[in-house]
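**Q** The residues making up each chain are set out below.
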Amino acid sequence: MTTAVPALKVEHVAIHFGGLVALSDLNFTVDEGEIVSLIGPNGAGKTTAFNIVTGFLAPTHGSVSYRGTPLDGLKPHQIADIGLVRTFQRTSVFPNDTIYDNLLIGLHRQSRVHLPEALLGLPRARLTERKVRERAHELAEWVGLGRRIHDLAGSLSYGEQRLVGVALALAAGPSMLLLDEPVSGMNASETHTFVELIRNIRSRGVTILLVEHDMPMVMSVSDRIVVLNYGRIIAEGPPDTIRNDPAVIEAYLGKAAVHA
Amino acid sequence: MKLIATLVSIAALASVPLWLRDPYLMNALITTGIFIIGAMSLNLLLGFTGQLSLGHVAFFGIGAYTSALTSLGFDIGVFGDFHIVHEPWPPIAGFFLAIVVAGLCGYLVGRLSFRVRGAYFVIVTISFAEVVRLVALNWIELTQGPLALNNIRSIAIPLPGLSELVIRTKLHNYYLVLTVAVIAYVLIARLVRSHFGRAMRGLMENETLAVSVGIDVTRTLTLAAVISAAIAGAAGSLYAHYIRIIDPDIFAFINTVTMVIMVISGGKGSLAGPIVGGLIFGLMPVFLRPIMAPEAQWIAYGGVLIVILFLLPRGIVPSFSRLLSKQRGQAPAPDGMAFAKNDAKEPA
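Just so you know, the sequences run in chain order A and B.
Positions 680 to 939 (the working numbering) are the ones given, in order, by the first sequence.
Positions 12 to 359 (the working numbering) are the ones given, in order, by the second sequence.
Any given hint could turn out to be false.
Here are the simulated SDA-like pairs of lysine to any residue, each with C-alpha atoms no more than 20 Å apart in a straight line [stated by the list, open to error]:
1) B:Lys13 / A:Lys810
2) B:Lys337 / B:Leu322
3) A:Lys754 / B:Lys337
4) B:Lys337 / A:Leu831
Restraint-style ranges between C-beta atoms, simulated for each label pair [unchecked claim]:
5) A:His793 / B:Leu158: 43 to 49 Å
6) A:Arg803 / B:Ile265: 29 to 35 Å
7) B:Leu322 / A:Asn775: 17 to 23 Å
8) A:Leu799 / B:Leu119: 34 to 40 Å
9) A:Asn866 / B:Ala22: 30 to 36 Å
10) A:Pro917 / B:Glu218: 35 to 41 Å
In silico negatives: residues of chain A with every beta carbon more than 12 Å from chain B [unchecked claim]:
11) Pro685
12) Ala693
13) Val700
14) Phe735
15) Gly752
16) His756
17) Arg765
18) Thr770
19) Arg788
20) Thr807
21) Val811
22) Glu839
23) Thr872
24) Val874
25) Glu875
Derived from the structure by calculation, the hints contain no laboratory data.
Ideal Cβ positions, reconstructed from N, Cα and C, are used throughout, including at glycine.
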């Protein structure tokens, strides 16, 4: 193992909703360039963990840091500025806009110019616009939706919307991407293409944290897997170790098997 | 194509005084034009960020009072003998001050209410307008209260080398209003087609997703409120120097409603919407007056609004542009504002 500082560090994170403990003492790290999956049965706290890391929820205890910067108290848009960008399970696109306009909105961080420049149409604003529009085309091509770029995002199939969601997140220029159940609702061949896309993203130097239910997909793509159950980590390690871990098998199958 | 349409529209509007001599109609066109500027500024908030300002007339009225008081001067007492005295300044300075002061009020209202948004913004804006109205009514030393500020001087535009052009006649005022309207239109168009506008649209459609890609909600909405309020302030200033008398009735709720009707009927979120809606509802009383009693006019006014919203629920401009693009066999532009199709068509 390398001795480098991990990219993402989650330390002693706990969150309570009233009396319900959604997460208790969560500790894990993600190294630069790694693909890590967060798995667990429904209600285990995976999406909650995502929401805390990306600033949509504030933890009751504990802290999260990225590349040494503590993220405590930062708003989601500030965390995106630091380089952590996520996708969503359900609302992954701006449905009433074309794919192109979706990506242009996603390219917000790259298209910033000063207000007077935009209002007066100064050369720098025009140049930035041109670059951003080119980049939107590139991104659409890259996720394989280049030919449908002027279609409304809301008119796409579920799987295609997922791709737009990922392209949107990539448009924000992340150094770490958090994907929340990206292949749910995709068929086998779409999932296969998506795995290639994830590897492709990683090879460009983007660290990836994944929440996913599709086990074959998780096993094939992950460097490391963190398993959550009832708000705590029950196992952690490379796919082969996790596959044979008795605690994991029990969490997924145990009770059903016992009651059967 | 769109640029040509814009230029033709401007040329047509600019030619009106050449063939229209009726002073009554000219007057209606000027006041309608001023309200259209107000409606365009309201559309920036309502159409492009989805936030309804039901106190928009506050910014309009603040602009009017700021401009009037700057050019009239005032002398108010604070703490016993201490007086704040302002000597009259040229009205053109009042015009620019109106923009600044109204923009500042937009900033305050935005900061206050955009933490919570939606219904809260509506309530804060209504209350703000009412508070400002009461201040204007009761701070008699400054505003003359119900006695009104009168004899407001006309705007004079300094001409380099020559003396100055006093905007006194209806012809002058018409061109002044048209010029300010065109500038406001271009600024709003540039804004909504820039990344600021896309950020607004993103927030309106899916706020969670928008902030996840780095869009700052409070900053974006406050910016929209500031620019919207500043433009409304400019319209108010034009109003004060054209009508030349203003009283607290300028803050009446009906004035906000008039702007909202112009925006909704023309099509919110479309740049031309408030202009089309404004021309219809601004000029309708002029054409109804010879044929109807005043009471019947109001009924007709309401009836036309209902018919428009019933037949064209998205507003006139978006509905027709949708129809046009369907005939040409293109995908309909969402809400009449596709960034994609505006690539090469920056307004002049």
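**Q** Look at each hint and say if it fits the structure.
**A** So, going through the hints one by one against the coordinates:
1. For the hint pairing Lys13 of chain B with Lys810 of chain A, the CA-to-CA distance comes to about 23 Å; that exceeds 20 Å, so the pair is violated.
2. Distance restraint check for Lys337 of chain B and Leu322 of chain B: the Cα-Cα separation of roughly 17 Å lies within the 20 Å cut-off, and the hinted pair is therefore satisfied.
3. For a cut-off of 20 Å, the pair hint linking Lys754 of chain A to Lys337 of chain B is broken: about 42 Å separates their Cα positions.
4. Proximity of Lys337 of chain B to Leu831 of chain A is assessed by CA-CA distance (about 15 Å); at most 20 Å being required, the pair is judged to hold.
5. Between His793 of chain A and Leu158 of chain B the CB atoms are about 45 Å apart, so this pair conforms to the stated range of 43 to 49 Å.
6. With their beta carbons about 44 Å apart, Arg803 of chain A and Ile265 of chain B fall outside the hinted range of 29 to 35 Å.
7. In this structure the supplied range 17 to 23 Å holds for Leu322 of chain B paired with Asn775 of chain A, their Cβ-Cβ distance being about 22 Å.
8. Checked against the given bound of 34 to 40 Å, the beta carbons of Leu799 of chain A and Leu119 of chain B, roughly 26 Å apart, lie outside it.
9. At about 56 Å, the CB distance of Asn866 of chain A to Ala22 of chain B disagrees with the hint of 30 to 36 Å.
10. For the hinted restraint 35 to 41 Å between Pro917 of chain A and Glu218 of chain B, the CB-CB distance of approximately 38 Å keeps it satisfied.
11. The claim that Pro685 of chain A lies off the interface holds: its Cβ sits roughly 22 Å from the closest Cβ of chain B, which is beyond the 12 Å cut-off.
12. Consistency note on Ala693 of chain A: stated as away from chain B, and its beta-carbon is indeed over 12 Å from all of that chain's, at 23 Å minimum.
13. Every C-beta of chain B lies more than 12 Å from that of Val700 of chain A, the closest at about 25 Å, which supports listing it as non-interface.
14. Against chain B, the non-interface label of Phe735 of chain A is violated: not every CB pair exceeds 12 Å, the least being about 7 Å.
15. With a closest Cβ-Cβ approach of about 15 Å to chain B, Gly752 of chain A is found to remain outside the 12 Å limit, as its non-interface label requires.
16. Listed as outside the interface, His756 of chain A is inconsistent with that label: its C-beta sits roughly 5 Å from the nearest C-beta of chain B, within the 12 Å cut-off.
17. Distance check on Arg765 of chain A: its Cβ comes as close as 6 Å (rounded) to a Cβ of chain B, failing to clear the 12 Å threshold; non-interface status is violated.
18. Distance check on Thr770 of chain A: its Cβ comes as close as 5 Å (rounded) to a Cβ of chain B, failing to clear the 12 Å threshold; non-interface status is violated.
19. The Cβ of Arg788 of chain A sits about 4 Å from the closest Cβ of chain B, inside the 12 Å cut-off, so the non-interface label is violated.
20. A beta-carbon of chain B is positioned within 12 Å of the beta-carbon of Thr807 of chain A; the least distance is around 8 Å.
21. Residue-level check failed: Val811 of chain A sits 8 Å from the nearest beta carbon of chain B, not beyond 12 Å.
22. The claim that Glu839 of chain A is not at the interface with chain B holds, since no C-beta of that chain comes within 12 Å of its own (minimum 16 Å).
23. Every beta carbon of chain B lies more than 12 Å from that of Thr872 of chain A, the smallest distance being close to 23 Å; the non-interface claim holds.
24. Its beta-carbon lying about 23 Å from the closest one in chain B, Val874 of chain A satisfies the requirement of being farther than 12 Å from that chain.
25. Separation of Glu875 of chain A from chain B is adequate, the least Cβ-Cβ distance of about 24 Å exceeding the 12 Å criterion.
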